[in-house]
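Using the sequences provided together with the hints, build the complete structure.
Sequences listed follow chains A and B, in order. If you read the first sequence in my numbering, its first letter stands for residue 1, the second for the next number, and so on. If you read the second sequence in my numbering, its first letter stands for residue 1, the second for the next number, and so on.
Hints may be right or wrong, so weigh each one.
[Claimed, not checked] To spell it out: a stretch of chain B is covered by chain A in this simulated footprint if at least three of its residues, at any positions, have a beta carbon under 8 angstroms from a beta carbon of chain A; those stretches are:
hint: 1; segment: 48-59
hint: 2; segment: 106-118
hint: 3; segment: 131-139
[What the hints assert, rightly or not] Selected chain B positions facing chain A (in silico; Cβ < 8 angstroms):
hint: 4; residue: V63
hint: 5; residue: L72
hint: 6; residue: A74
hint: 7; residue: A78
hint: 8; residue: H146
hint: 9; residue: G181
hint: 10; residue: V182
hint: 11; residue: H204
The hints are simulated quantities; they were obtained by calculation from the structure and are not laboratory data. The beta carbon of each residue, even a glycine, is placed where N, CA and C say it ideally should be.
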Amino acid sequence: MKLPTRFGRFGGYFVPEILAPALEELEAAFVAALADPEFKADLAGWLRHFAGRPTPLYRCRRFGGDGTEIWLKREDLLHGGAHKTNQALGQGLLARRLGKRRLIAETGAGQHGVATAFTGAALGIETVIYMGATDMARQRPNVDRMRLFGATVVAVTSGGATLKDAINEALRDWSASFADTHYLLGTVAGPHPFPTIVREFQRVIGDEARAQFAEQAGGQPDAVVAAVGGGSNAIGIFTAFLDDPVVLIGVEPGGQGLESNAHGATILRGRPGVLHGAFTQVLQDDDGQIRESHSVSAGLDYPGVGPEHAHLAETGRARYLACDDHDAVQAYQDLASTEGILPALESAHALAVARRLAAAGEFRRIVVNLSGRGDKDLATVGRWIEEKAR
Amino acid sequence: MSTRYATLFGGPAASQVAVIPFLVLGDPDLDTSARILDALADAGIDAIELGFPFSDPVADGPVVQAAGWRALAAGTTADDCWDLVERLRQRAPALPIGLLVYANLVVHRGVPHFYQRAAAAGADSVLIADLPLGEAEPFHAEAGRHGIAPVMIAPPNATSARLEQIARATRGYTYVTSRAGVTGAADPDAAVLGATIADLRALHAPPPVLGFGISGPDHVRTAHRLGARGVITGSALINRIESIRRAGDDAAAAAVDFVSILRDAALAAATTAVEN
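See the structure below:
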């Protein structure tokens, strides 16, 4: 490998030997693409004209408390309705550069699957999406969207039939198909070079937000807050601020509470281990078996986390807090009623913590990555409120 | 390091392809698993590969995945697996025993701890399915410290430079696959295998043993013809055991029968070769 494969002691590429050459080929193509002005111009064009970048930075008028400004980076306004589009396009163009004729991807909530499917449609590349059968049942509209974009959606029935199992199945496919297939992994997790590739394609979020904040508000925010499942939207907004005196806060899904086993707080409650090709923080039992995670938000429901987050936590450069299902659903409703913006349940985790920090008076100006829109969560929130009312 | 692989591949029966069954420890439950291992040990098999069940076996096809989940669903723990290995070692002191695991099972309590347990239980080799050359060094150093042979897979897409590194790193034997993909996939590709085996021989690699998709006597004959020194048969064996067990018949006897059919083929191939 040419690039560093680790973030501190985390990262690496723990894959069967058969896949090592595929990762090396991908890394080489990525390094060459980033150095190629034509590739960068091509990607910038797609981001602007197809995806709708730049996205606005918007100051909340009513959400939050007195004395604290909460600013939203509006990735919800991106084509596809979430930040996933940024890197699906980046990797799609990379796959085309590599001459791959087929894209595969995993998806949990379906957002990454949708982004990969419309990227495949736009670039004219055959696309296969692996999705847990359980997730397919609870995210039906996204399955329909993927199929409209021409993708084949494969139901994964092994294990708990959720995101973790979909990634396993995508890796199995890739270990037989890498010669003509690109695995368009959806987050900053997985084996090197994926965490680095996805970060570089997502860092546009923070690069824009940093410049917009300086222009619209002046100076720099006191804190940047983002939800962390695999961690791509958080890394996307953190990266630009890493060398600034800005507090970075990642919000993990607290599910039914950190003391229950039903959460996805990998950094706060996990232990170092190897999952899906990376040495990182992992939810696992005493025997090293990977545990099922839980979150009301399917996009945060993952028992691993990107290795760079494990490193940022260990070095203390970023802080990690949890938000449980209840507070996330509350923030989802409150942003809608106070600002007229419906956030994704994932982003609602970050909003809830930003509001908590505002109430504590710790920061004067906070930027939240509003990583996606919440239309996809209407049914989930409806069911959740109904169940609580009983 | 133990001399069991050297004895197997250098001994009087060395002209015969070694038939190496692969099973998942604790599949379908501890008792049955122990009975199958006892029966195989008593039948005098050449060597054995034992997988530790893991929740996320990305290198395995559906049959081995299902075997692992049966074991985990039956409550098999790591301690149970070590007990089974130890018990087999006591029953078959000369049998080469290889372990097949995923990296998280090795790292979660510390790499030294794992290899220490492996040595104490009497294992001869460890293959980590999701450990490529580029990450192997600290694991192999610890294996060496505890006298465990680290086994590497030589895949069909390896460049000659990579094959050379694999030949140098692997100990005990070289695990050769002919196709990309996961365990239990399609028939092995003889042309690819022949080329890899010839390359490995030129590099003086440890004996080549074929795995992935080995399911019957034909594959044993192919292995013999290509100069492989052994075959590992997993998915086909597990399928056979499971269907016999589900029919209410003796799983242990099914395992022994399956392995002896392959051993007969290996013996016949070796004898024919001598007569010719």
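Verification of the hints:
1. 48-59: With 6 residues in contact (Cβ-Cβ under 8 angstroms with chain A), the coverage given for the segment 48-59 of chain B holds.
2. 106-118: holds (count 3)
3. 131-139: holds (count 5)
4. V63: 12 angstroms, violated
5. L72: 7 angstroms, holds
6. A74: Nearest chain A Cβ about 13 angstroms off; hint violated.
7. A78: This hint holds: B:A78 lies near chain A, its Cβ roughly 5 angstroms from the closest one there, short of 8 angstroms.
8. H146: Constraint on B:H146 not satisfied, violated at 19 angstroms.
9. G181: Nearest chain A Cβ about 3 angstroms off; hint holds.
10. V182: 5 angstroms, holds
11. H204: 20 angstroms, violated
Hint check: violations occur at hints 4, 6, 8, 11; the rest are consistent with the structure.
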